[in-house]
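Colleague: Spelled out, the chains give:
2 protein chains.
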Amino acid sequence: MTSSSLKKPVPLDKVRRYLEPGPIVLVSSAWEGQRNIMTMGWHTILAFSPSLLGCVIAAGNHSFDMVRRSGECVINLPTTELTDQVIGIGNSSGAKIDKFEQFGLSAGAAMKVSAPLVHECYANFECRLVDDSLVDRYNFFVWEVVNAEAATSPEYPKTLHYTGDGVFMVAGKVISRREQFLPQML
Amino acid sequence: MTSSSLKKPVPLDKVRRYLEPGPIVLVSSAWEGQRNIMTMGWHTILAFSPSLLGCVIAAGNHSFDMVRRSGECVINLPTTELTDQVIGIGNSSGAKIDKFEQFGLSAGAAMKVSAPLVHECYANFECRLVDDSLVDRYNFFVWEVVNAEAATSPEYPKTLHYTGDGVFMVAGKVISRREQFLPQML
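Note that the protein sequences, when read in sequence, are chains A and B. Numbered according to the UniProt record's numbering, the first sequence spans residues 1 to 186. Numbered according to the UniProt record's numbering, the second sequence spans residues 1 to 186.
Treat the hints with care, since some could be wrong.
[What the hints assert, rightly or not] Straight line, CA to CA, 25 Å or less: simulated SDA-like cross-link-like pairs of lysine to any residue: (1) K8/A - N147/A; (2) K173/A - R16/B; (3) K14/B - V170/A; (4) K8/A - T80/B; (5) K173/B - V167/A; (6) K14/A - Y138/B; (7) K158/B - F103/B; (8) K96/A - K112/A; (9) K96/B - L182/A; (10) K7/B - D165/A; (11) K96/B - Q184/A; (12) K158/A - M111/B; (13) K158/B - Y156/A; (14) K14/A - D136/B; (15) K96/A - E179/B; (16) K158/A - S106/A; (17) K8/B - N147/B; (18) K14/B - Y156/A; (19) K14/A - R178/A; (20) K173/A - G164/B; (21) K14/A - K8/B; (22) K158/B - V170/A; (23) K158/B - S5/A; (24) K158/A - R177/B; (25) K173/B - V170/A.
[Claimed, not checked] So the derived list for chain A, only partly shown, Cβ under 10 Å to chain B, looks like this: (26) G41; (27) L46; (28) A47; (29) F64; (30) F140; (31) F181.
I should point out that these hints are in silico values taken from the structure, not numbers from a laboratory. Quick caveat: nothing in here was measured; it's all calculated off a predicted structure. Each residue gets a CB set at the ideal place from its N, CA and C atoms; glycine is no exception.
Work out the full structure, taking the sequences as your base and the hints as a guide.
Modeller: Structure, rendered in structure tokens:
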């Protein structure tokens, strides 16, 4: 039982709440009886509704064929509690090991996709591939988030933000400037 | 004179150091005697070398035509010192005001592009448009960073990471786990 066990649904147009700040994420996938997890940091929100995001999954990754062929993945949001796992997953290849077993993570059943989710993560974003036209040029996948859940607490997770060279920035304090925004900009 | 006045060159394949953690940025551009700045949070690194990044600039923005027609922009990295300006720029349209003047920012000359840079920002990434094939579908621009500079201090800037709803996460503590990484993963 971790602090991420109790989860609530996230409206799909609010996914930016968790991913826009640039956290490192874990991408889980499955294909033909195999499953895998990879660490990924190159992603961006593309649209609110439909809820679209784009990410780079390089062709050298064991997950590349799995996500492209299955057309599905779960993007999981780890927090500092999982720092060792994030690094270990990034350092190893799913061609040789089952990363769920190796790193003591639980593969949960997703609601809308066949790919497994990483139960211990703070949030899980179930994705279907909607556009692979930039995959050959940039390894860039466009996903639609079809189901989203996030832990009920803490309100703002201690996410990891990679800066290269083995160094992470950890999510710091949260400041609300809501009163300064035009209503239509919120 | 702000803390961002003294800058050093950044190797182009190290741009991820500043942008991968997901900071909100200011995009400056110019076209036919007009200049503008917009606040932007939907971006991702796409490649190390050439140094490519992708970002969403919605067609409704005054900057959209300026960046598409000029094929250039500067992506500027503000820190918490510029929070009011970041919000003010996001709340207003360059169709009506000169945002440099309005928000007391200095338009600096870039090295490799004609677009102005925002001098007060911690870092400036000069960009040339290399692929607009996803602009019509997703407002997604692919840029090559052709020149990059960052302030000499502090080593890790207090960047702003937007979570929607008027709330920002501020960059927190920095942890190095370099010793846990395989050399080829650094």
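Colleague: Give a verdict on every hint.
Modeller: Verification of the supplied hints:
1. K8/A - N147/A: 11 Å, holds
2. K173/A - R16/B: It holds: about 23 Å lies between the C-alpha atoms, which stays within 25 Å.
3. K14/B - V170/A: Measuring from Cα to Cα gives roughly 19 Å; hence the hint holds.
4. K8/A - T80/B: 31 Å, violated
5. K173/B - V167/A: Since the Cα atoms of K173/B and V167/A sit roughly 11 Å apart, the hinted pair holds (cutoff 25 Å).
6. K14/A - Y138/B: 18 Å, holds
7. K158/B - F103/B: 20 Å, holds
8. K96/A - K112/A: 28 Å, violated
9. K96/B - L182/A: 16 Å, holds
10. K7/B - D165/A: Given pair K7/B, D165/A holds - Cα atoms ~21 Å apart, limit 25 Å.
11. K96/B - Q184/A: Judged against 25 Å, a Cα distance of about 18 Å means the pair holds.
12. K158/A - M111/B: 38 Å, violated
13. K158/B - Y156/A: Since the Cα atoms of K158/B and Y156/A sit roughly 18 Å apart, the hinted pair holds (cutoff 25 Å).
14. K14/A - D136/B: 23 Å, holds
15. K96/A - E179/B: 22 Å, holds
16. K158/A - S106/A: 20 Å, holds
17. K8/B - N147/B: Status holds; Cα separation ~11 Å.
18. K14/B - Y156/A: The hint is violated at about 29 Å.
19. K14/A - R178/A: Within the cut-off at roughly 16 Å; holds.
20. K173/A - G164/B: 15 Å, holds
21. K14/A - K8/B: 38 Å, violated
22. K158/B - V170/A: It holds: about 11 Å lies between the C-alpha atoms, which stays within 25 Å.
23. K158/B - S5/A: Roughly 31 Å separates the two Cα atoms, so the pair is violated.
24. K158/A - R177/B: 16 Å, holds
25. K173/B - V170/A: 5 Å, holds
26. G41: Holds, about 5 Å.
27. L46: OK, holds: L46/A within 10 Å of chain B, min 5 Å.
28. A47: 7 Å, holds
29. F64: 15 Å, violated
30. F140: Since the shortest Cβ distance to chain B is 6 Å, the answer is holds.
31. F181: 5 Å, holds
Going down the numbered hints, you'll see the structure goes against 4, 8, 12, 18, 21, 23, 29, while the others check out.
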